[in-house]
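Visitor: Everything in the sequence shown is counted per UniProt numbering, starting at 1 for the first residue and increasing by one.
It should be emphasised that the hints constitute simulated quantities derived from the structure, not laboratory data. Quick caveat, the model's predicted, so the values are computed rather than measured. Note that the Cβ used here is the ideal one computed from N, Cα and C, for glycine as well. Any given hint could turn out to be false.
Simulated crosslink set (DSBU-like; lysine-lysine; CA at most 35 Å straight-line) [claimed, not checked]:
| id | residue 1 | residue 2 |
| --- | --- | --- |
| 1 | K227 | K171 |
| 2 | K167 | K19 |
| 3 | K174 | K227 |
| 4 | K231 | K167 |
| 5 | K167 | K246 |
| 6 | K135 | K98 |
Simulated restraints, written as ranges between beta carbons of each label pair [what the hints assert, rightly or not]:
| id | residue 1 | residue 2 | range |
| --- | --- | --- | --- |
| 7 | K19 | D302 | 18 to 28 Å |
| 8 | R323 | D29 | 47 to 57 Å |
| 9 | E115 | M272 | 44 to 54 Å |
| 10 | T17 | E143 | 21 to 31 Å |
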Amino acid sequence: MADSIHAVHPAGDIILTLKNHDAEFATWDSNFDKPPATAAFPVSEGVSDSAPKDALTGEKEDANEDETTSGSDENQDIAPKMRVSSMHLRLASGYFNKMLDGRWEEGAGSTVDAEGWDSNAMLIVMNAIHGHVRKVPSTVSLEMLAKIAVIVDYYDYLEAIETFSQKWIGKLAKPSVYGRDVVFWICICLVFRVPDAFRIMTKIAIKGSRGPIQTMGLPIPQEVVNKLETKRQEVTGSAMDAIYAKQAELCVGGGCMLTCRAMQLRVLMIWMHMEYLDRLQPESAFLGWNIEFILEELRKIDSPKWDDATRGGGNIHRCTLTRNLVERISEVAMDIRGLELADFGISPSMPNKEVVWIAAGWQNST
1 MADSIHAVHP
11 AGDIILTLKN
21 HDAEFATWDS
31 NFDKPPATAA
41 FPVSEGVSDS
51 APKDALTGEK
61 EDANEDETTS
71 GSDENQDIAP
81 KMRVSSMHLR
91 LASGYFNKML
101 DGRWEEGAGS
111 TVDAEGWDSN
121 AMLIVMNAIH
131 GHVRKVPSTV
141 SLEMLAKIAV
151 IVDYYDYLEA
161 IETFSQKWIG
171 KLAKPSVYGR
181 DVVFWICICL
191 VFRVPDAFRI
201 MTKIAIKGSR
211 GPIQTMGLPI
221 PQEVVNKLET
231 KRQEVTGSAM
241 DAIYAKQAEL
251 CVGGGCMLTC
261 RAMQLRVLMI
271 WMHMEYLDRL
281 QPESAFLGWN
291 IEFILEELRK
301 IDSPKWDDAT
311 RGGGNIHRCT
321 LTRNLVERIS
331 EVAMDIRGLE
341 LADFGISPSM
351 PNKEVVWIAA
361 GWQNST
């Protein structure tokens with residue numbers, strides 16, 4: 001496709017040229033979601049563990065940088081071209097309808113540049129809007145669907161691609177742990193207006209993100225990012241409140257006998273010190289923390305076991321610190337609700353969305 005013009009429409013009057021095609025897409029920064037010790041309590045001197053290599057060692061990576069740049073430039077010299085129909089573009093895309101309206105003579109022929117899109121994703125979209133149904137794949141990967149989604153969002157192709165998107169979405173596996181795939185899903189749900197999956201994916205983000213989510217340049221409104229971050233802080237704060245409440249309860253005499261409470265309190269305070277909770281500042285906004293991480297760390301605590309002599313010896317005392325706390329915080333996690341598209345003025349566009357999600361094995365109970 002890069003060496004010649006790909007004739008999507010043989011009689012097309014527009015040559016669509018893809019500039020900066022196949023550029024790096026949606027880069028995920030693994031250092032973005034840092035653990036709490038480095039996120040909430042930065043070191044005052046020296047450099048952080050996320051500093052570039054040359055800042056840490058004094059060495060630069062010029063050789064690799066030059067090699068990458070050279071290869072990239074060579075690849076970008078050849079821009080893929082597609083022959084397409086202005087009529088089809090205008091019918092399918094609000095963007096092109098405005099761009100070509102009033103100053104375009106159909107059949108005159110011209111070149112239109114498109115910047116930064118994946119060439120395969122663009123070809124799928126062009127085949128779809130030109131009616132080449134058999135050339136449109138029945139399945140796509142999650143990343144490819146995200147690439148299609150950003151094109152659909154930019155050029156306003158939703159109505160033309162909607163039917164295909166339903167089939168693609170219904171065949172994709174669902175992630176259960178926060179990461180790059182979840183952010184892809186959030187973007188896809190916003191573009192293609194899928195409320196059930198949006199609710200599920202945003203719940204995963206609220207539970208698993210350690211700060212404002214990485215949008216990776218995807219069309220995710222800042223309003224959504226802010227709402228997710230507010231919810232994350234609220235949920236994490238509720239989990240922290242449960243920990244501090246347990247500490248106060250052990251101090252003032254709630255629960256078991258003094259010996260038991262003293263042992264549990266000591267373990268809890270040591271754990272809180274190791275996790276920096278005794279130094280957590282209100283303005284930290286719980287950066288680096290989430291409710292899943294708190295539960296994971298609590299489950300690692302080895303509660304002390306001791307022989308209860310008050311019962312004649314040979315009786316291991318049954319009180320455990322972690323069981324009680326994990327139960328309390330797990331209840332908080334169970335009550336988390338994901339966001340609704342309607343909260344952002346977005347109405348569902350899939351009339352058969354329930355069928356799609358049942359077929360895909362999704363549960364709509366969240």
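Visitor: Next step is simple, just say for each hint if it's right about the structure.
Guide: Hint check:
{"no.": "1", "hint": "K227 to K171", "result": "holds, 29 Å"}
{"no.": "2", "hint": "K167 to K19", "result": "holds, 30 Å"}
{"no.": "3", "hint": "K174 to K227", "result": "holds, 22 Å"}
{"no.": "4", "hint": "K231 to K167", "result": "holds, 31 Å"}
{"no.": "5", "hint": "K167 to K246", "result": "violated, 49 Å"}
{"no.": "6", "hint": "K135 to K98", "result": "holds, 28 Å"}
{"no.": "7", "hint": "K19 to D302: 18 to 28 Å", "result": "violated, 59 Å"}
{"no.": "8", "hint": "R323 to D29: 47 to 57 Å", "result": "violated, 36 Å"}
{"no.": "9", "hint": "E115 to M272: 44 to 54 Å", "result": "holds, 51 Å"}
{"no.": "10", "hint": "T17 to E143: 21 to 31 Å", "result": "holds, 24 Å"}
The structure fails to meet hints 5, 7 and 8 from the earlier list, while all remaining hints are met.
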